[in-house]
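Asker: One-letter residues, chain by chain:
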Amino acid sequence: ADTVKLGYQLPLTGDTAQYGQDFRKAAEIALTEFNAAGKPFKVEIVFEDSRSDAKEGTNIARKFVDDKEIVGVLGDFTSGVSMAAAQVYKDAGMPQLSQTASHPDYTKISKYQFRNIATQAQEGPYNAKWMAAKGFKNVAVIAEQTDWGQSVVGGFSDAVKANGGTVAFSEFFNRGLKDYRSLISKIERAKPDAIYTGFFYEDGAQFLKQLQQLGIKTPVYSTSAAYSPKLIELAGGAAEGVHLTSNFLPTDPSPNVQHFVEEWKKRSDGAVPGQFPAQAYDAVRIMLAAVERAQPSPTREKVRDALAQTRDFPGVTGKTTFSADREAEKDLVKVEVKGGAFVPVAE
Amino acid sequence: MFDPYYLQQLAIGLSLGMTYALMAIGFTLIFGVLNVVNFAHGEIYTLGAFAGLVLISATAPPIVAVILGALAIGALAGFSLERIAFKPFRRFTDEASLKSRAMRESTLLSSLAVSIVVREALEIVFGSQMRSVPFDYLINTPVRVGPVILVTGDFIIFGVAAAMLIGLQYLLTRTRVGLAIRAVSNNPLGAKYVGIDTDRTIITTFVVGSMMGAAAGILMGLYYGAVFPAMGFTPGIKAFVAMVMGGLSSIPGAVICALILGISESMATTFVSSGWSDMVAYGFLILTLIFFPNGLFGARRERV
Amino acid sequence: MTHLLEIRNVSRRFGGVQAVGDVTAHVDEGELVGLIGPNGAGKTTLFNLISGFTPLSGGSVAFAGRTISGLKPNQVARLGISRTFQNLRVFPNMSVFDNVSVGAVGALPQGAFGALFGGFHKGGRNRSAEISRRSWEALEAVGLTHVAAELAANLPYGQRKYLEIARALAMRPRFLILDEPAAGLNDTETRDLAAFIKRLHGQGLTIMLVEHDMTLVMGICQRILVLASGRKIADGAPDAIRSDAAVLEAYLGVDE
Amino acid sequence: MVPALILLLVFAALPALLAGFDRGYFYQIANLALIFVLLSASMHLVTGVAGLLHLGHAAFYGVGAYTAALLTSKLGLGFTVTLPLSGLVAALVAFLVALPTMRLVSIYFAVATLAIGQMLYLVMLNWVDFTKGPNGIIVSKGFELFGVSLSGRLAAYYTVAAVVTLSVVAIGRLSHSYYGNALRSIREDDQCADAMGVSTVRLKMEAFTLSAFFAGVAGSLWAHMTGYISPGDFKFSESILILAMVVVGGLGSLPGAVIGALLLILLPEGLRALGDFRNIMVGLVMFLSILLLPKGLLGEVSALRLVRRQLGAAWRNTGPGTGKGEGIGWR
Amino acid sequence: MTAPLLSIADLHVAMGPQEILHGVRLDVPEGAIVAVLGSNGVGKTTLMRTVSGIYRARQGSITFRGQPIANMPAHRIVQLGLSQAPEGRQIFSNMNVRENLVLGGGEVGLGELDRVLAMFPILSERLRQNAGSLSGGEQQMLCIARALMRRPTLLLLDEPSLGLAPKIVAQIFDLIGRIRAEGVSILLVEQNARAALRIADHAAVLEDGRIVLSGPADQLRDDPRIAEAYLGGHAH
Ligand SMILES: Nc1ncnc2c1ncn2[C@@H]1O[C@H](COP(=O)(O)OP(=O)(O)OP(=O)(O)O)[C@@H](O)[C@H]1O
Ligand SMILES: Nc1ncnc2c1ncn2[C@@H]1O[C@H](COP(=O)(O)OP(=O)(O)OP(=O)(O)O)[C@@H](O)[C@H]1O
Ligand SMILES: [Mg+2]
Ligand SMILES: [Mg+2]
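Protein chains in written order, with the numbering used here: chain Z, 1 to 347; chain W, 1 to 304; chain F, 1 to 256; chain H, 1 to 331; chain R, 1 to 236.
Hints may contain errors.
[Unchecked claim] Some, not all, of what chain F presents toward chain R, calculated at C-beta under 7 Å: (1) A25; (2) N39; (3) E180; (4) G184; (5) F196; (6) G202; (7) H212; (8) M214.
[Said to hold, decoys possible] Simulated crosslink set (DSSO-like; lysine-lysine; CA at most 30 Å straight-line): (9) H/K235 / Z/K178; (10) H/K235 / Z/K302; (11) H/K74 / Z/K111; (12) Z/K90 / H/K74.
No lab work stands behind these hints, which were simulated from the structure alone. Every residue gets a Cβ at the ideal spot worked out from N, C-alpha and C, and that includes glycine.
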């Protein structure tokens, strides 16, 4: 075909619009590059706003499914909406690749669901090992009360215990909580060696600032979800010394990363991209590569099969391979905030 | 001796309660005292915060100027809000309309609609992500009081809230304007008969209440260091709950209930868990209403 | 013989105000009793005490041999006491017919079930028909059938007064209490109202009414109770009351 | 009955229109709109008819959806069973929370419903062992009737339409009967209604419970339709959305509630072309509609006028003198 | 002859599509009591409300002390010295009696408080009580007292005797006479036509939104049509 259509459902308005807007920007970068590369066909992406609302998410899913020209779909942002939409894609045989959906059951819905994100089954043990290596035996863990937060606590706690450590404290907070001081005091009372946290940058910044206010020096570890320059912007000095994992480093000298970072900066007043836009950028490129492999006449089924065959895709978030159960296996890097920047830690 | 841990939690609860109280004061003035259903107060709060932020990033003025700027925007926003979403519904004088439930609730929807438009517009202009406030402006330097750690902002918020409370209480009970506000809220038609300019009284109340809302917004922005379009939502609900729990028209009542809410949340976090803390706060509200069906400080219903 | 309504040593305080103090009185089946007294004497309060709106501070009220103090207004109403209000309370955004039907519903067992499945089983159908019949009857009694579909808010004042009475009548009460039914009516209208109340009474309804219009009270009441400052100061036939010194002094004024 | 028949006709004929486009999207929106028609109609009973501001309706919708989802995922039950059970469980929960709170009036009632709604939401979110919390639940079964699958596009539509029509007709019967009048009298003047023998507390409780029942039914429809539910679907903002539907359409009018729901579901979809501006437009349309028609698109009064004009003759003919006066007043 | 204090000419008032007053003309001379009679629903209250600026006039003019006041905002009219004790009392039920009176005084202040309280002694016993908890008659007194607080030039009374005991009614009419003696003009709507005609200088009869009869009060008192319609049948 001359033009291949893809759908992208994402929150462009509403409380989570900041993420959706970033995804669209990343997708546009990827798409412009792809179409400029002189391929024999062009790809078009239809963006639809889901507001992180399952109602709208399923509506969009039906809309995409109706459009016979659409051969693959990206998104949604939250697991809830992705899962609801996935029910539609499952029945319609539409490949769906989410850049962020972290629900453990998401890829189990059908063979059409893929994701480009390190799961907590991978990230939790990785961090647990890291902390154990640092000698933190007695740790506290908190996470937002979402499906993702649940998997953060689950994946991490099991690994800690397996490593012979103890989880001294474990609790969930409601996303968007403003005041963590009560929770922090409570954590401190359990006297942990370190705190492992499952939050996005907004909640993270508040948490770190209030930790500093209360004069607490317990080391903090976190996941790649908090990896955003906004974390440092919002938390300032309070972010200093936070340890986290990531699979994207804007400082990585490799050309594709630098190219992405440059393009991003051009479109964002010089801001540096964080983890999520990078995941979205890679997700789009993985999808585009699959479409290309499904040429000359890509169908939904062919695109799905092509996606499933993704091996060692060289993205800005490292090499991506889809396992048999359509999970991305990612290489993680350790990062620490030092001098107001994310700095890789070699250990 | 008493475990300082509980003292600390109590202090945190109080400080949280003060932040709710700050919002509740302006909210109660418009919704409770003036008795108009206003769902857009949260957006005024947000506008105040953004006004302050814009001012800071544009000219980096002294903090007092920032607050004055927010107050000015609050006044303007309150004025426009009243003009757009409330005044049009006072054009009806026929009896069926005056006594119609639908008419009375129409400002619920008009203010809701205005709040949607304002929030969406803010999102389009500023994006929906959190914006950081430059660190020099933050009011979160830790202060140690005995075994308890607070921040400077707690004292500033306490001072501002106390000033607002006392000022409003004085205004409402000691001045002609306050009397007029209460008269308009009690019986708008009667107010016309005694020569009160009802339109002006309502606008004045909106302006004053919105200025307080905007001041609350910028203070909270400086306190937490983050400003974003949806920031008014949660405090709005808390202020609403505090207002009703306090008995609707009593501003001190709303403040006390805001403090109760804050403390019950921090105590719930302490003894139960953070996730369930709102549950305790709402449970407390229901309990209060069972025993005080008109709120803690509410007037009894009129006689039959 | 027991009285239909027995008020024994009833009192009610509001803070420092003794609105009703130690009043004992009774109304017999079939009587038409007037209750008069200066403003603030406690007449409305006494009505509120009877109909359950205000809890008693002391004493007791019995209706048809049964103590009713402590019951909720709707329970009292269902026992057969229905009332109107001093300051007109119709349901403004409901049609005249619907207003009246509320009275009829009030007197019958209420439940969603009947209304929902009313069309399908006999009990429900009958209930609906019964309510409709009672409502029409009441409307007819006051002569408002021609405005049945009108919104109550659109009625002129005089018709609203009758509407309120019709609503009370739709309950098929045994005992009707009217709080200033003639207020705001001119002499001619008051005369019609008096005739109407008399007619109701003639049909066997027991009525007690508060009124400041002496022509009406003296003209139709068989017996008159007088309250002043919350206490009963007189109880007797109109002629006796008219010349009672205490009543003249407290209420009527010297020349009238 | 006339409006019910019209409703039925519209709902039945709609697919004929949709079939022409052959788009699942339209069916999806039609189903979603119908579910919200039911939600707003059920809230109409409490807020429009009985005049009590209900700020926690979405929670009962959630209770219904969770009942359906849990029964399906834990016990393997199908739609035929979960549909009534969802309604009943939601009604039961409503009844229990209503016991202590229904004495409240006006805004105190509203804030109590807000608190109830939030508490139920917190239970869905935080009681992870039972509700799976934020993980949500996959509802593996679609619509069926006694084992016969109805999950095809058209069958699903007719299932939803049938359930919604029946429920709306039932709500219509309730609100246009003497029962509805008793509820209305609570809205107009509850103390006076009390004096007329209307037991206000009991009726409020019934109306609240009934509306929760229908919200629960709507929840079951949603659960089986999407196949996945999570607490986020039943947040406070959904309650506000439903409230807005009832108010836009005209507080107190059932057709208004239906139209309000259709408008607020279809409008955001219809405005997709506007991109990021579409929600501003939704707000503006809401604002203009209430500004120009402050009693709602089909307010109580205008609705009454409409009925009266249509049935004007019937009114007069059914007077007591005409011999067929029985059973009128509410058709 | 001097110009009347209040002059209403060709006044049309409508509520929605329905016109209620169709061209009313009425004058209140300086220092006079003018009574408006009429059965229920003919538009007396509508007339009073329009004069006070609560309702808009669709057509016609209202002049007060030579100044046109039709469609002037209600509060300005009150400030010109025209107060009303309206139908339905419109007191502030959640505020106490004293606050009600203070509001009545407006910018003029509390100068009249003692004098007004002397007219209604029962109110001075209840200064701290919520107005809503007063008895019906007490509320009516409060309503009149509130209107007097401003020392108006023209006082509008809409059924002032409503709900008052006969003794107080007599006092009220007495009071109206005394107020007039102090130079206040009064426009009076009253169902108690007999008493109204006794104290009024002029009277007008409103029917279906039109003045159908008007003239000096003593003439009207003897008019058989009045007797038939408003005085309970028998001529005076
Ligand atoms: N809730 C209350 N709080 C305080 N005082 C009250 C309350 N209710 C009534 N009163 C007082 O009790 C007294 C009796 O009032 P009530 O209304 O019974 O008088 P009434 O005889 O009906 O007078 P009227 O003829 O003027 O209607 C009044 O002086 C009133 O002020
Ligand atoms: N606000 C209003 N809305 C609708 N109709 C009104 C309104 N005010 C008055 N009307 C109508 O106008 C007509 C005249 O009413 P108005 O109150 O002026 O009569 P009135 O002469 O004062 O009667 P009353 O003796 O009962 O006080 C009535 O039919 C009334 O229904
Ligand atoms: Mg009374
Ligand atoms: Mg009148």
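Asker: So, for every hint listed, does it hold in this structure?
Answerer: The hints, checked one at a time:
1. The closest approach between the C-beta of F/A25 and any C-beta of chain R is roughly 19 Å, which is over the 7 Å cut-off, so the hint fails.
2. A least Cβ separation of about 3 Å between F/N39 and chain R falls short of the 7 Å threshold, and the interface hint therefore holds.
3. The interface hint given for F/E180 is met, as the beta carbon of that residue sits about 6 Å from the closest beta carbon of chain R, less than 7 Å.
4. Taking 7 Å as the C-beta cut-off, the interface hint given for F/G184 holds, the closest approach to chain R being about 5 Å.
5. Evaluation of the F/F196 hint against chain R yields a violated restraint, the C-beta minimum of about 15 Å exceeding 7 Å.
6. Because the closest C-beta pair between F/G202 and chain R is about 21 Å apart, greater than 7 Å, the hint is violated.
7. At its closest, the beta carbon of F/H212 sits 5 Å from a beta carbon of chain R; the interface hint therefore holds under the 7 Å criterion.
8. For F/M214, the suggested interface contact is upheld, since its CB lies about 6 Å from the closest CB of chain R, less than 7 Å.
9. Taken as a hint, the H/K235 and Z/K178 pair is honoured in the structure, with Cα atoms around 19 Å apart against an allowance of 30 Å.
10. A C-alpha spacing of about 39 Å is found between H/K235 and Z/K302, which places the hinted pair above 30 Å, so the restraint is violated.
11. With a C-alpha separation of about 24 Å, the suggested pair H/K74 and Z/K111 falls inside the 30 Å cut-off, and the hint holds.
12. Only pairs whose Cα atoms come within 30 Å are accepted, and Z/K90 paired with H/K74 is accepted, the gap being roughly 22 Å.
Hints 1, 5, 6 and 10, counting from the list given before, are not met by this structure.
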